[in-house]
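Starting from the known structure of chain A, arrange chains B, C and D on it as the hints suggest.
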Amino acid sequence: MTLPMLPYLLALLLLVVGLYAIVAKRNVIKIIVGLAILDYAVNLILVLVGYRTTPGAAPMAPILTGGMANEPALVAGAVDPLPQALVLTSIVISLSVTALLVALGLRLYEKYGTFDTERMRNLRG
Amino acid sequence: MQKLLPLLVAIPLAGGFLVPILGRLTGTRRGAAVLPILMVAAVLVLSLALLAGPDETLVLWIGGWEFPIGISLLADGLTRYLLVIVAVVSLLALLFSMDYMRQYTSPSLYYGLFMLMLAGMNGVVLAGDLFNIFVFIEIAGIASYALVAFGTEADELEASLKYLTLGTVASTFILIGIAVVYNVTGQLNWAKVAEAIAAGGGPSMPLYVAAAFFLMGFGLKAAMVPFHAWLPDAHPSAPAPISAMLSGVLIKACGVYALARVVFSVFGGSEVFGWVLVALGGASMVVGVFLAVGQWDFKRLLAYHSISQMGYVVLALGAAAVMQARGTSEAVVALAIFGGLFHLANHAIFKSLLFLCSGSVEYATGTRQLKLLGGLGRKMPVTGACLRIAALSISGVPPLNGFWSKLIIVLALVLGGFYTLAVITVIVSFVTLLSFAKVQRYVLGGEPTAAVEQAREVPAAMCLASLALAVLCFASSLIILPAVKSRLVDPAVRVVQAGPPPRAKAPPRVVAAERPGAVAAQAAVPPARLERTSP
Amino acid sequence: MDPVLILLLALFGFMLIGSIVAVETRDLLSSVICLGAVGFGTSVAFLLLGAPDLAITQVVVEVLVLVVLVRVVITRKDETQATSRSTLGVGSVMLVLGVLVAVMFWMLAGASGGRLKMRAFGEPLMSETVAAAASAPAGEPEMATTQTEPGSIGGAYLKHGLVGTAVSRGTGAANYVMGIVLDARGYDTLGEATVIFTAIIGAYAVLRRIGRQAHARDVADR
Amino acid sequence: MQGMSLIVKNITRLVAGFIAIFGVYTVFYGHVSPGGGFAGGVILAGALVLIVLAFGEEFSRKVLPHGVAQTSDALGAMSFLLVALFGYMAGGFFVNFLPRGEPCTLFSAGTIPISNLAIGVKVGAGLFGAFLALALFRRQSDGHSRSPIAGRPNRGGPNGEES
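Going down the list, the sequences are from chains A, B, C and D.
Counting from 0, one number per residue, gives the positions in the first sequence under numbering that gives the first Met the number 0.
Counting from 0, one number per residue, gives the positions in the second sequence under numbering that gives the first Met the number 0.
Counting from 0, one number per residue, gives the positions in the third sequence under numbering that gives the first Met the number 0.
Counting from 0, one number per residue, gives the positions in the fourth sequence under numbering that gives the first Met the number 0.
Extracted from the complex, chain A is given alone in its bound form:
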């Protein structure tokens, strides 16, 4: 258990906090919060996977600036662009899910006058 594995552990703990919100809290808004935290955790894990240390310098984003002359340095040092592309997609997906969830929550509020799922019939179990 070396120190460089710690970020993964903390991200997993964030995941547990999100799951806790979904399991324990009986409120639509808290479920939205929990799912958002889950998404942060998994996105962070993905970006952590792609990070590459550049000794003595700031991490290099995979964006070429200043023309083709800088390309070899970028190839040698930049962080992995692929997980970033995946996370971009994942952020959009979680935004979509949140939008739908908010729509459902609004309709449920309209029916019951509360966000509390204890007061809804089918969600108790």
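One should not assume that every hint holds.
[Claimed, not checked] Listed next, the in silico DSBU-like pairs over lysine-lysine satisfying Cα-Cα at most 30 Å (straight line):
1. B:Lys437 with B:Lys378
2. C:Lys76 with A:Lys110
3. B:Lys437 with B:Lys370
4. A:Lys110 with B:Lys484
5. B:Lys2 with B:Lys484
6. B:Lys2 with C:Lys76
7. C:Lys76 with D:Lys8
8. C:Lys158 with C:Lys116
9. D:Lys61 with D:Lys8
Read the hints as simulated data drawn from the structure, not as lab findings.
Positioned in the frame of chain A, the structure of chains B, C and D alone reads:
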């Protein structure tokens, strides 16, 4: 041939984008179904053409990118088999929707979401890339969350909320699995991941963690028993054709197919995975059926049976993996896989028929409480006959398709030495029969009740869809004939049985990858880009 | 030691505390605002990890989500206190989850695995190279003997994605992430655009005033 | 929904244009600098959301009617699919059929800027439409405010079909 693969996704996607716009412009109600039906018919024709084509693994690298960078579409025997099942059920569900959805408002939104769900399922089945599977599962999933809530009654909204929450947790697990796999192997294309795992000497500890996340994620999507809580709420709440789609094909394409793909083709289906699948499948089979017996809501009862019947499929596949690891003869392993895949198709047919019949009953009487129904056999002869056929089929009464697939599963279990499991399977089948005897007694038998007095046969399109599925219940029994079996199911069985690429016994054959303006490079395809093909 | 790692650990600590407050606080508005804080923390973490594209996207998405959620919460009085499930059930579930995560982390971080081990933070597979004589184009024999390829898809993309080689073509996009998102993995992005389209028409469908019409029998009579 | 105070309105007047321009910039320069179609689209939607919040819903009808937002949402998605399908005709699904150009310049990277534009329009219009639907959704009882979903009574839904 592989040039056609993107169309299987692009056509329903275009439908999903265009139908809501056209609905705004034209505003017709029944006409909204015409474009989707034409498009799904085109998808069905394409799927059948693929199934009829030569049995080889088609690989298409999208956009001319190749390994290791791009995404590939991949169609092997298992893919084609599922594509046809999805297209058939979708077409008939759409046909049923034409009249059934007149009870609901905004048909163009409904058909748009329907097409997007279909695009998502086709995308999952065709994807050759783990992350791509995730994206298309999300498309199918989000469309189905919205469709479950389509009636916007309180029950439906709650069911959708529960489904959405658990579905999103499942997707998150899948994504973590992908992150670990990418960290460890550096690949996302599942065929390449499988190669990397095999080259590294089988799954390592971190990969077992990834597999656990995949199992939880896909298990949630497939509603296997510890993860089944959402299904009995979500499936009954949707409009009947959507229930048919969800139970009939969605849990298969996004759940069982993806599970089988990851377990068998990526992680190599070792004994550990086999026992996990046996445990999941066995628990689902037993728990699902005993929960179903006590139900008085027609559709809820059917939903519990979906859990139970999918248990059969997963149990058969898991048992096959265990047998393979134990060195049971290849023929028995193939028989178990065949039983599972055959039952998957049969379940798609009879469960969607059952849900369509429940929709017809609800359409005609306005209720789906078994205690309020009765005597419908006389009032609605066509629906009654279809319901009877489907009920006999799911309970495994010969000569219907359900009997044959259950027989093959039991036979394979006995031959493989799983005597206890075989007995449990038979018992579950009897309980299923009992449960459907109750359905027939309360829905069809007896005197017409007050709710049924006014009932009459449903419109022709709905009857037609039900009848077509009822005919398929008989027709798919023909799959046990060797000539039909070797054409339709055997390629799929071989894919599952072969496992990841290194275990494939077939000699590699070049499938020319599509690369525009690179004819010269294509002439000299390096060995690393050879694709695995079936014999 | 990498200073980024220390900053990151501090930031993760902040985010953990923020998320626990967001989950535990009784007031829904505070909960939503804490969630926003955690989201901005995520964005800063992306920036630290060399992902400015993600940082920008995360910030703008967070702002939009926050605006919607705050509006939803402040315009709706929810008199009921946020209730929790029984402590015992939740406790046992969380205990199982905690043990599960501990075991999983032990399996992930353990040194076992040989070639297929989990790569530590800052040392992705892409910085290693594998001999790839076989994947060199057959038309250029002089390259075939010396060629090494990065160990992961991302590494290969960094190497070949911009200008392209005989094996793979390039995008010409200086922003590699955009090159992947819109060209090499454009199919995924089509899926992503579809997801958001689906969610939006799904939200329209859910928010319809009237979901059902008159009873089916009356419709059939028409 | 009512607008906000005069101060807010004036500041919005000053800022909204800049936000929109920044969004457009992010979309067009997505392939050479951080950002891209999605982020730019969200920024554009954010500018519109700011206008709606400051000036009220009635004003937003003039800027971007809900129906137009919905249609351009679908058209944006469709044109991204069309870029892929044009590639299909030019040789393969998602083939980048335009010349690559010199990296780090605006006119480079073939179809990527076009895809970025399509996604920017799609996301901007789509999220703005979703915002209108979500944030302005009212309970049926307070009928004084006209939500875009409940445009007129007895209308089937946002599509305005006959019910």
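Self-check item: Numbers of the earlier hints that this structure fails to satisfy, in rising order
Solution: 4 and 6
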